[in-house]
Amino acid sequence: MEPEQIFMTLFNDFANVGEVIVDPNDIDVAVHMYEEASTVAKLAWNPRYDRKLPRRLRRVSCPTLIVGAENDRLLGDEPCDRYTDLIAGATLTRIPGTGHAICIEQPEAAAQAILDFQVGVGRSQ
Amino acid sequence: MKELQFFHFGLMPYPHIPPPEEYESTWVTLSNKHYDPVEGHRLYNEYLDQSVLAEKLGYDGTCVNEHHQNAYGTMPDPNVMASHIVARTEKIRVGIIGNALPLHENPLRVAESVAMLDVMSGGRIISGFVRGTGMEYHSLRANPAHSRERFWEAHDLIMKAWTEDGPFEWRGKHFDIPYVNPWPKPYQQPHPPIWLPGQGSMETISEAAKRRYPFMMVFAPLAFTKFNYDMYRRAAEEEGYEPAPEQLAFCTGTYVAETDEIAHREAKEHIMWLFHRGLKVPDYHFFPPGYTSGKSLRGMLIGKEKFNIKDHVDLTYEELIDQQYVIVGSPETVVEKLSVYTEELGAGILVGAGMQVGDMPNWKVVKNMTLFAEEVMPHFRPPGNKPAWERGVPVPGSPESLAGTTRLEPAPAA
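Protein sequence lines, in the order shown, are assigned to chains A and B. For what it's worth, my numbering labels the leading residue of the first sequence as 10, then goes sequentially. For what it's worth, my numbering labels the leading residue of the second sequence as 601, then goes sequentially.
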């Protein structure tokens, strides 16, 4: 995927996209972005998946909220469903209108979902 | 006139691909549906005949290299190609420039293959080591962020495997091998000469200078080659010696014809294939994350600005000629341009002399190789125009070739 396509795929709602737009022709920015990507490569270049993840997710025993996009065109919507299935008692909240960049597209709604969850957990304990 | 050694080198491209505006990259993602094996068979044999012809014409060496999943150069296994050339020649030196060490799961396979070739050929192999281009890390899915570490660990392991008796144990960060004990060991002692082709990263240059390995610039403009040679010289100075010309190589395609006008007319379209189609590679394929350090990337970006270095696909033919990415012309013109490298830059090895590029047909390649050998080479050789292997000139990078290296200060007492 070309870099321009990645941006188009990350967002469903472009209202806040300006917050994360940087100038890749600025050498400092280019080097910083490259170094960040290099760290990701160290962790996840190969393999790009973790066959042990389902087994590990089953061990999660704390109250769990999965915050998902309404339509994630980068990763698809299946991973959220899968996490919800594998973690006992997990609940899934999808933030309306969002794509992969949930916290940039709908910061208030994402934060509210987390706050509501925390309050709920506090009451039940 | 100072001497220059001439190494023939063909990239073995597959030229029949769609026009560049129809695809993203000639590497990684260009569909292999465009590859016709029957035409591939014809091309391989034509290219290999050219490598064999290099010996008859008195080239000092002929080279092969390693690239994966692309139409620019169809040699995923350079050792297969070297084996073919070794079997069909008697004397010429065969440069593998080089095996891409980090791409191998086990570097002992490289130690074994190169040693086999060296023994079969009676010591005619030059062993280049490379990391592979960034594109290779997408194609083979090796982790680019471990590339440099794996390169040097693989290098150290191979060198030890070649120079020390086995079995011994290797416990490295990336390779864990209980019995290192390759049969055969290389023919040349202590080991085949090592060359390091590079793209101009300071890490590679200083490591090459430290070990006195010949360093080669690939398809770079003259000014940038000079800048990198200066870096090598400074690194060598810190090690207490002055590099010999045989330590400074440049890979620059050349085309010679009767006159400048004929040369440009015959070469232009094929040179443009190489730079605008063969080298059509987006940055995100060229520099996968972690392939280079942030520090090196910064150096490269600043250098690119300072020397006004354009991406290959943006260079015009005039720029390719003026900045000397390639050298094209009558024998007089080519001699004059090459002598800048020998006289002013102190280079001693030209790789890519008389090279086939892009979709250049066989007749032009043979004409170019012949004219180059007969009209250009004599200007950089003693009378008789004999290749290095007939004159007993040591292989660049061998201990004998470095014997004349000037020490800048006395060796420390043992």
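Heads up, a few of these hints could be off.
What the hints assert, rightly or not - Think about it this way: if two alpha-carbon atoms lie no more than 30 Å apart in a straight line, the pair counts; the simulated DSS-like pairs of lysine-lysine are: (1) 51/A <-> 810/B; (2) 760/B <-> 51/A; (3) 810/B <-> 868/B.
The hints are simulated quantities; they were obtained by calculation from the structure and are not laboratory data.
* Asked: Hint numbers the structure violates, sorted upward?
  -> Those not satisfied come down to hint 3.
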